[in-house]
Amino acid sequence: MPLLQATGVTKQFGGLRALSNVDLTVEEGEIVGVIGPNGAGKTTFFNCLTGMETRTSGEILFRGAPLPTRPDRVTVAGVARTFQNIRLFHNMTVLENVLVGTHPRSRAGVLSAIGRGPRYKREERKAESTSRELLSFVKLDGLRGELAKSLSYGDQRRLEIARALATDPGLLLLDEPTAGMNASETAGAIALVKAIRARGIGIVLIEHDMRFVFGLCDRVAVLVHGEKMVEGSPAQVQSDERVISAYLGRPAE
Amino acid sequence: MTQFFQQLSDGVVLGALYALIALGYTMVYGIVQLINFAHGEIFMVGAFGGYTIYHYLLPDNMPALVALPIVLVASMITSGVLAAIVERLAYRPLRNAPRLAPLITAIGVSIALQEMIRLFYPNADRGEPFPQLFPNGQVHFGGVSESYVNCFLVVLSVVLMLALRTFVLHSATGRAMRATAQDPDTARLMGINIDRIIVTTFVLGGLLAGAAGTLQGMVASPIDFQIGFIAGLKAFTAAVLGGIGNITGAVLGGFVLGIVEALATQYVPNGSALKDAFAFVVLILVLVFRPTGLLGESVRARA
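Respectively, the protein sequence lines represent chains A and B. The working numbering puts the first residue of the first sequence at 1, with every later residue one more than the last. The working numbering puts the first residue of the second sequence at 254, with every later residue one more than the last.
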């Protein structure tokens, strides 16, 4: 059974068809790249998966069961994401940002928080140790007490990933994880994505950095004008005439 | 000089009450950017909730200090439940409507609650005497004196504010509230059910307003169906003064406003006749010179 199986995902904005019958399958522990020119519908596809936008039609199965359409339930089901334009809780500390991510896995309710019972304390301790572990996983353990907004750009990206991992996902959606990074930061990002896969998490990533995509992904799908044009191994996609012309334009006759 | 300190002390008492109510305005604004103009009425109904329990449910010979916590909790629960109902029925359906719609609805809810109390309590026009549940007597420090009940008001308010602070800063739900206030869409993607967070926020504000209801009844009996109007406007002023959306600001704004009002009443010629006007002078000054309030950050735009 595939981890994620999206079939015929379509999103219509008024007269504009942003996504048209897009299929995508992700197996357990697989890294799938989604590439395409700007405006091809890549982020819209993520939004439809995570319930941030309501898809016009299409079916999305996660671990064989229909994926809910409300964002909080999508997360509880086990799909997490990051954003192209980083969206941290800027006025909270680094540790608190990750703690917020543990929210769906915590069983401490409002009443137990007021009573501060043993279960509440146990849950809080567990959340905190998970969060600390994730911060050291993304190499931010020295910055736990800093406000998120004071972090450097690359650190903010890593914090966003740690926060997404705190929700304990089976599938992680990364929207341009290397946007704005320099070469050494990009190399760090490659190592991080591989380490996330090693934790048994499937990954779908949107990316414009082709070396990053082709070096890392097991499979690559190309979206153009809301339609999936090609899907295959990095080698197949790289040599596909249609992809080359979509990206580079047709050779001059 | 003694007179000055006496006014200062009275101002703190007044300010504690304003702060308790202001917290409800500011928390709700912080989460949903809505001025819940029905909050004053939620406070007023809370006072009547405590009154009702005392008169119709508690035995007549119950010792006052046993009845007090029951009345207090009854007021808090009344306001908390009412706040949840108002959120669910009046505001949630308008969550994505233009800002003006929930604002007008809030005014409608206010009027509905006032009239409801007026219908249910025949004497609510002239005022129902609130049970006096605290021993009479004065505390003296230096030349300043405050009644026991005023001291109780301040102590209880501070305890409730500290409890709220601990909850918001150090509990998982409080963390989720802060996350929702900063970025509701992202908060949802962290698996937070923001509908539940919003209703929790309304309930917390309601609980504090309910406690303020009982306290107001004890220090300023009788209570009538209109007490929520002035108290609500002043608490709203306190919230704006502190920086709306900022919890610490609401407390600070409450105390500052209470003290300004007490001092102005004493020192401005014919001040006691203008008692209720000072708050609005403050409101206008804040809006003109520092619209973000004392502790407010610049107003962020949100899509």
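If you are wondering where the hints come from, they were derived from the structure by calculation, not from laboratory data. This structure is a prediction, so every number in the text was calculated from the model and none was measured. No residue lacks a Cβ here, since even glycine has one placed at the ideal position from N, Cα and C. Among the hints, a few may not be true.
If the Cβ cut is set under 10 Å, some of the chain B residues that face chain A in the computed set are [unchecked claim]:
hint	residue
1	R371
2	P375
3	N389
4	H423
5	S424
6	A425
7	D436
8	M443
The calculated label-pair distances, taken between Cβ atoms and stated as ranges, are [to be verified]:
hint	chain 1	residue 1	chain 2	residue 2	range
9	B	P346	A	P66	54 to 62 Å
10	A	S245	B	P346	48 to 56 Å
11	A	R144	B	L415	41 to 49 Å
12	B	A350	A	M1	53 to 61 Å
**Report entry** Structure-inconsistent hints, enumerated in ascending order
**Finding:** Hints 1, 2, 3, 9, 11 and 12 not satisfied by this model.
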